[in-house]
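S.K.: As a plain string of letters, each chain reads:
There are 2 protein chains.
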Amino acid sequence: MAAKSQKTKNVKKASKPLKKTAAKTKYQKVYFFGNGKAEGHGAMKDILGGKGAGLAEMTNSGVAVPAGFTLTTEMCDQFYKNNRQFPAGLAKDVDANIAKLEKAMGMKLGDEKNPLLVSVRSGAKESMPGMMDTILNLGINDKVVAALIKKTNNPRFAWDSYRRFIQMFSDVAMDVDKHLFEHALTEAKHNIADKIGKEKKDVKDTDLTAADLEKLVGTYKAIYKQAKGADFPQDPKTQLWAAIKAVFGSWNNDRAIFYRQKYNIKGLLGTAVNVQAMVFGNMGETSATGVCFSRNPATGENKFYGEFLINAQGEDVVAGIRTPQKISLEASREWAAANGIAESERKAKFPSLEEVMPATYKKLLSYKNMLEKHYKDMQDMEFTIQENNLYMLQTRNGKRTGFAAIRCAYDMVKEKLIDEKTAVSRVLPEQLNELLRPIFDRTDKEAALNSGRVLARGLNAGPGAACGKVYFSAPEAIAAAQNNKEKVVLVRIETTPEDIKGMVIAEGILTALGGATSHAAVVARQLGRVCIAGCGALNIDYANKLMTVNGHTIKQGDYISLDGFTGEVILGQVKTKPSEILQALIEKSLDPKKSGLYRQYKFIMDAANKIKKLGVRANADQPDQASDALAFGAEGIGLCRTEHMFFGGDRIKAVREMILAEDVAGRQKALAKLLPMQIEDFTGLFKTMNGLPVTIRLLDPPLHEFLPTKEVEVEELSQEMQVSVDQLNFKIKQLHEFNPMLGHRGCRLGITYPEIFDMQVEAIIKAAVQIKKSGRDITPEIMIPLVGHIKELQILKDSAVAVIEKVLQESGVKLKYKIGTMIEVPRAAMTADEIASEAEFFSFGTNDLTQMGCGFSRDDSGKFLPEYVAKAIYDKDPFQTLDQTGVGRMMQYAIENGRRVRPDLKIGICGEHGGDPDTVQFCHKIGLNYVSCSPYRVPLAILAAAHAALK
Amino acid sequence: MAAKSQKTKNVKKASKPLKKTAAKTKYQKVYFFGNGKAEGHGAMKDILGGKGAGLAEMTNSGVAVPAGFTLTTEMCDQFYKNNRQFPAGLAKDVDANIAKLEKAMGMKLGDEKNPLLVSVRSGAKESMPGMMDTILNLGINDKVVAALIKKTNNPRFAWDSYRRFIQMFSDVAMDVDKHLFEHALTEAKHNIADKIGKEKKDVKDTDLTAADLEKLVGTYKAIYKQAKGADFPQDPKTQLWAAIKAVFGSWNNDRAIFYRQKYNIKGLLGTAVNVQAMVFGNMGETSATGVCFSRNPATGENKFYGEFLINAQGEDVVAGIRTPQKISLEASREWAAANGIAESERKAKFPSLEEVMPATYKKLLSYKNMLEKHYKDMQDMEFTIQENNLYMLQTRNGKRTGFAAIRCAYDMVKEKLIDEKTAVSRVLPEQLNELLRPIFDRTDKEAALNSGRVLARGLNAGPGAACGKVYFSAPEAIAAAQNNKEKVVLVRIETTPEDIKGMVIAEGILTALGGATSHAAVVARQLGRVCIAGCGALNIDYANKLMTVNGHTIKQGDYISLDGFTGEVILGQVKTKPSEILQALIEKSLDPKKSGLYRQYKFIMDAANKIKKLGVRANADQPDQASDALAFGAEGIGLCRTEHMFFGGDRIKAVREMILAEDVAGRQKALAKLLPMQIEDFTGLFKTMNGLPVTIRLLDPPLHEFLPTKEVEVEELSQEMQVSVDQLNFKIKQLHEFNPMLGHRGCRLGITYPEIFDMQVEAIIKAAVQIKKSGRDITPEIMIPLVGHIKELQILKDSAVAVIEKVLQESGVKLKYKIGTMIEVPRAAMTADEIASEAEFFSFGTNDLTQMGCGFSRDDSGKFLPEYVAKAIYDKDPFQTLDQTGVGRMMQYAIENGRRVRPDLKIGICGEHGGDPDTVQFCHKIGLNYVSCSPYRVPLAILAAAHAALK
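As you go down the protein sequences, you meet chains X and E in turn. Residues 1 to 951, numbered by my numbering, are exactly what the first sequence covers, in order. Residues 1 to 951, numbered by my numbering, are exactly what the second sequence covers, in order.
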């Protein structure tokens with residue numbers, strides 16, 4: 001009974017995926033593909049597996065694929081149900097398909113003249129890379145190897161193929177310990193060491209000659225016989241059935257079972273088995289192998305692009321021993337020109353495929369067109385020409401640069417190949433980054449690379465290209481830039497808020513310490529500066545104004561170039577040019593109509609804006625940043641960090657006066673000086689944003705960040721402030737903190753020094769009143785940082801409301817305003833229900849929430865976080881991409897509890913993560929209202945939000 | 001209909017609480033008490049309110065209470081239901097009760113010879129302190145004031161009483177703005193400034209003479225007339241009804257409504273009104289007033305204890321203008337002897353109540369006995385003798401020292417007054433602390449206080465008394481103690497692990513910086529050392545080996561004394577003596593049978609151990625600490641901090657060698673030296689704990705804590721290690737962290753340097769194997785610190801299991817072991833379900849969980865946390881008492897999710913909070929299996945766990 005019911009079940013199961021296919025394919029055991037026609041197709045992954053369906057699809061698209069056939073996943077299922085026996089009738093069907101295959105290829109298994117070799121590969125519905133078995137070169141034996149030698153005139157290749165096959169087949173199909181073969185190989189290499197004059201350990205596989213390999217094949221066969229008590233099987237069909245059995249068996253090996261458990265892959269029938277003819281590009285001058293792209297993957301230009309080698313195997317193209325030739329004549333000529341090769345030499349030594357095999361080239365061109373049309377995307381293809389027969393081995397959507405991505409997407413819409421939504425989905429948000437940054441002149445950069453001028457690599461913390469003279473201090477950088485109009489690169493062990501003016505003026509910033517969210521990196525991103533952070537190889541000597549890097553000494557005033565895309569630090573000058581988009585959008589120095597790139601960018605961003613649901617704001621502290629943000633499409637300011645306003649010349653003096661004051665009266669006196677400046681700051685921002693929402697965060701950093709740290713600076717300050725150096729040092733020591741991240745900052749300052757927050761609130765409201773009086777609308781949002789406890793918020797909100805009502809009463813203006821809070825302390829996330837009863841909005845400060853939630857200091861974690869990412873403890877740096885499982889869970893908990901208490905609670909995120917595409921998509925998923933990020937990341941966030949909405 | 005049904009409801013509502021009382025009390029509107037009998041009793045809080053029920057209860061207990069009556073809460077309910085009209089028949093009942101009251105007191109309202117004054121007070125079922133209104137001295141008028149003058153011969157008192165009554169009555173009952181009276185009072189004071197030769201602002205209320213006050217009464221009456229358009233009411237009954245109305249009205253004032261909302265007080269009928277005769281102890285030589293305790297509140301001795309003053313008001317006893325006299329003759333004589341007062345002088349100037357009023361004394365004695373028997377607890381009583389009539393004004397359970405608490409509890413069980421459970425509930429866990437610490441000789445301490453030798457106050461971080469010579473560095477302290485057998489007090493700006501030997505050898509530790517969980521405080525508690533931390537007044541000058549404190553200069557070698565109970569730093573020597581319990585329990589220097597205190601302690605602890613459900617373990621790193629912990633009743637070790645084992649002489653060398661090693665091989669070489677030492681450590685612990693569970697935490701602190709910080713120490717280390725100073729400094733700089741709390745420590749060390757954890761695991765298992773081989777049982781628990789991500793635990797657990805299985809295989813011993821984790825990173829708490837899939841136990845590290853959860857660094861929070869506690873943002877320092885709302889919620893979330901995945905998950909807590917009684921009770925509530933705390937806090941934790949179980 002049980003068996004019967006199970007059988008019925010199986011039939012049902014199996015019939016389901018088949019519904020889409022024709023009735024005649026029901027119960028078909030083996031599916032053939034080849035000669036331009038396949039019995040299956042791309043939608044049949046259930047029974048053909050991913051690879052089998054892909055091969056069928058490619059065949060059906062009209063290109064020549066090495067023929068083959070696929071044993072269905074149902075066969076695997078039956079195999080296990082039958083106690084690891086092949087289902088009845090399978091052998092017959094396989095035999096029939098072998099015959100078809102031999103006919104299609106014009107070759108025969110085991111033939112002594114024209115032997116067919118095949119690959120036997122697994123392929124389940126879901127990709128399980130590396131988990132199951134593969135056998136190549138099946139069909140080779142003592143006679144076939146001789147035939148191969150004859151055909152290829154390459155005995156080394158033939159013997160090496162045989163050797164590899166014996167090892168692979170014995171290990172995978174016959175369970176012979178593969179180490180036995182590896183030992184034999186090692187021994188063979190040691191044996192020739194003296195002969196070729198190398199140390200034993202230095203001998204490579206490629207040092208073995210055809211004769212050596214022939215001898216090794218003998219040894220391998222002996223090993224096999226010793227292990228199995230029988231000769232190595234010479235009959236290709238015997239080989240084939242053993243290989244099929246092995247692939248079916250590998251479905252339930254430990255690795256595969258573990259993989260399916262880990263990735264929760266369930267309900268599959270088993271693996272399919274793909275038997276496909278092997279083709280060789282090294283069968284003489286009528287054979288070749290190559291790779292090509294349907295469009296240029298660097299520029300996106302719709303030109304056929306690729307390389308090939310005559311009489312070569314696939315790995316030869318990659319290995320770089322021979323110089324690959326270009327496929328099209330045009331590309332070949334361009335290449336020769338760029339490399340200073342005369343046309344005659346080119347034609348003789350490096351002719352194009354178009355010239356050498358014009359018919360095959362034409363065919364390849366038509367394949368390219370067919371495949372791109374079929375897959376509706378730029379294709380990256382591998383092909384082999386075997387004795388004038390062109391075979392496409394693989395095609396996939398091609399990887400491309402940002403420039404190519406946006407151009408392809410735009411062009412393909414114009415070509416009516418894809419629609420707008422698809423175009424948006426084709427550009428990765430990160431790729432936009434590239435389009436916005438200054439770039440190196442490609443030739444100049446290549447020259448630098450080729451001449452060994454790359455000094456070191458650091459973290460690519462701010463993309464773009466920068467070139468300038470090195471300065472090791474902000475004042476000297478500023479002086480050089482202002483007085484001598486020099487382009488400067490600021491190099492620091494690490495940066496602090498005191499360096500900010502130097503950072504503004506520098507082309508690029510290079511630091512020895514700090515991670516992706518270090519001060520340098522964060523500010524650089526906000527300013528749109530090129531930045532390489534945490535470049536450990538720098539040995540900076542401030543005293544002598546120089547640094548040594550891997551043996552080179554760079555003095556103040558020497559040129560270096562920073563590639564913020566790659567993290568490369570390059571000695572000397574490399575020519576840069578600004579992004580066309582920036583020229584058109586921000587600098588207004590380029591007529592947008594004249595820029596193709598801008599046109600493409602605008603097209604994609606417009607489409608993305610139509611698609612996205614999530615709001616995108618910017619983090620901006622100054623009107624110019626706000627104006628950039630608007631140009632980039634920001635819908636408001638999500639975070640104005642008021643502390644950045646405190647560093648200007650006169651301001652820092654007043655701030656320091658306030659910090660050094662001994663009592664409330666003294667602080668208030670200093671704050672009174674800051675008040676008009678802050679009013680001006682906020683008025684400027686409000687004006688620029690013209691009615692869009694502006695969220696202003698009250699003072700956040702600990703006060704010691706505003707005091708100098710160096711002796712000489714302390715002395716200067718002492719004179720300026722008329723306060724003794726001792727007193728200053730005492731105050732600095734008093735304010736010192738062991739763990740400043742967990743110290744006296746944020747709303748804690750507001751609790752202990754209410755007058756600071758009061759001044760800021762007064763300034764915000766007075767600025768808003770000015771705007772309102774001028775007839776424009778404004779709803780300022782006041783954000784209180786680092787709240788951990790509802791009572792902090794209550795106290796500070798009460799205090800703010802009192803100040804606000806007083807200002808409004810005095811001014812006689814009516815004004816809406818909101819008071820909300822950052823959610824950046826884990827305790828706040830845990831008690832979000834309490835906090836939502838007071839807060840009118842939440843903004844997740846995910847930098848701090850990550851620091852405290854994960855217990856990582858962003859300033860220190862560089863010491864171990866790379867190892868954490870390397871060991872896959874975190875998939876990505878949690879300061880760059882939000883840790884969704886941990887910090888994300890905390891956010892979800894807070895959202896759920898906050899909205900339970902206040903259903904219309906507006907929730908945003910304003911940490912550095914707000915500009916990270918993965919995080920933006922997560923924010924969309926968990927129901928945030930908006931993300932806020934630095935202006936230069938706004939386009940990325942918009943695009944990521946569109947991608948999230950498309951999912 | 002609606003009105004009717006509501007009426008029925010009310011009857012039902014009201015009848016409910018009345019069920020317990022006799023049928024005749026049904027619907028009774030007013031309840032009388034006086035003359036030794038009350039119509040109500042203590043269980044009638046529903047209708048008499050808390051105060052009314054208490055007065056009835058006290059009256060019924062047989063003591064004389066100033067007579068009075070209570071208008072029920074039902075009257076208040078009816079008052080509101082009747083649109084703020086008094087219920088019908090109430091006036092009649094009040095009149096009848098006034099008559100009773102006048103008879104009981106032998107005085108009459110408004111009488112010109114013997115006037116009765118009354119107080120009118122609110123009193124709901126639930127205490128709502130300060131929310132509702134009270135009027136005192138009601139009944140006073142122009143005629144009565146004259147009578148009072150005559151009776152008391154104290155015109156100032158009489159006029160002041162009148163003045164106060166007018167103000168209070170006008171404000172509370174008649175809604176006259178009280179500021180008007182306050183202005184008049186201020187003016188009156190300013191007017192006499194010249195006359196008495198004071199600045200206006202310095203004139204006090206007490207500077208006003210009877211004549212001034214009489215004049216002020218005139219002004220007050222004029223203010224009243226101005227405000228109300230009528231004369232101030234002279235009729236006492238008019239006054240009374242206005243007062244009753246005001247008290248009823250105050251039930252629904254904003255403050256009271258807010259209070260009930262805030263504390264979720266629901267379902268009450270309203271407030272009762274208590275009208276009670278006022279009595280005066282200042283009516284001549286036959287009057288007096290005093291306070292007394294039924295037993296000695298300092299020692300618990302069953303001796304009557306109290307003070308009084310003839311012809312005085314209650315506030316005079318407290319004011320300290322006159323020296324209060326003792327109540328009993330015995331106490332009076334003892335007091336005189338202690339203060340060097342001759343018997344003749346004592347008798348003349350400070351006679352006891354027993355001598356002055358023997359009959360009244362006898363009565364007071366009998367009242368004392370009655371009340372203690374009635375309330376079954378030591379009573380703190382207030383009494384007034386008015387013209388030879390003794391009245392008890394208040395009795396409540398008396399506050400007492402730890403010594404008194406335990407003695408009373410013990411004695412009362414022996415006296416059969418209370419049972420064991422009650423006895424356990426009578427001793428507060430914190431009080432045990434006092435019993436275990438060395439104490440100052442009381443007389444000597446008082447002498448020090450009286451002679452102004454208290455230099456400053458700090459945080460009472462480690463209770464007890466310590467006296468010794470000041471040393472400002474650990475090495476000098478050690479030298480002085482070891483070479484010269486000096487008792488030393490170690491004074492540091494702050495302590496670090498390098499000071500640990502000095503801390504061990506010191507009597508007491510005093511620091512200028514740091515809070516309750518600073519290194520100094522934590523280690524001091526663990527070592528049982530007296531400690532005063534964060535004493536900001538210290539100005540320590542290491543270079544000159546001295547400190548200045550509020551103008552005093554203390555040099556190295558000078559004596560100071562530390563009162564760790566109070567935080568007082570005292571100049572010079574104060575005699576100390578060790579706790580008897582310690583002598584008996586730990587030092588074994590005292591025969592337990594000879595110590596009454598020990599007997600009491602043992603009795604209470606045995607009872608507590610029977611009651612509690614929660615396990616109590618200790619944090620201990622050394623066998624001697626473990627042995628102390630056992631003596632204190634610990635049931636295992638919940639936290640062995642292995643880093644403390646790394647600081648011994650040879651060990652720190654090997655540790656430093658490991659840190660300075662450039663590669664794995666170098667580290668392994670150094671670790672090999674540590675291995676045998678660690679095996680010895682763990683073997684010792686296991687032996688001492690004899691089968692009880694021992695949880696060992698792998699290395700937790702960042703490596704830089706093991707390196708020296710001072711130049712001279714670096715130079716020493718350089719010579720010792722044969723490493724250049726530059727190299728050392730480079731390493732130290734390399735290891736420096738901006739936020740070490742969030743840095744490279746805990747399991748992060750295990751991830752980057754697996755060999756360190758491997759060595760420790762090997763040592764633990766080898767030690768356990770030795771124990772097992774010797775025939776004893778052992779299940780070591782290996783705890784991995786600072787886990788934030790399941791993958792950290794997976795990697796480190798896999799690595800540990802590999803080491804363990806290897807050791808076990810080699811030894812041939814079978815052993816159970818557990819691998820668990822600290823939950824101290826918020827992320828771990830948030831992903832406890834994932835982590836529980838790997839962890840066999842959880843231990844909450846609430847120090848770090850508080851630091852990261854609340855975002856407070858325990859080393860820095862001293863700068864703002866006191867203000868936070870002062871502003872009631874946190875009720876208590878969250879590093880001392882767990883923040884239940886925030887951090888506690890995180891714990892509950894983790895427990896819930898952890899046990900969902902692993903239902904039998906053992907969960908404990910091993911932060912400093914494990915010894916805090918409130919936290920222990922919370923841990924009981926949320927279902928922890930055990931708490932773990934420093935050995936000296938184990939008894940507190942046991943008692944707190946018992947209290948939790950009793951609740």
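A couple of the hints might just be wrong.
Which copy? The list can't say, so a pair holds if one copy fits it or any two copies do.
To be verified - Quick list of in silico lysine-lysine cross-link-like pairs, PhoX-like style, CA-CA up to 25 Å:
| id | residue 1 | residue 2 |
| --- | --- | --- |
| 1 | K791 | K876 |
| 2 | K733 | K710 |
| 3 | K710 | K731 |
| 4 | K610 | K266 |
| 5 | K797 | K876 |
| 6 | K201 | K733 |
| 7 | K806 | K733 |
For the record, the hints were derived by calculation from the structure and aren't laboratory data.
S.K.: Checking each numbered hint in turn, tell me which of them this model violates, lowest number first.
M.R.: 4, 6 and 7
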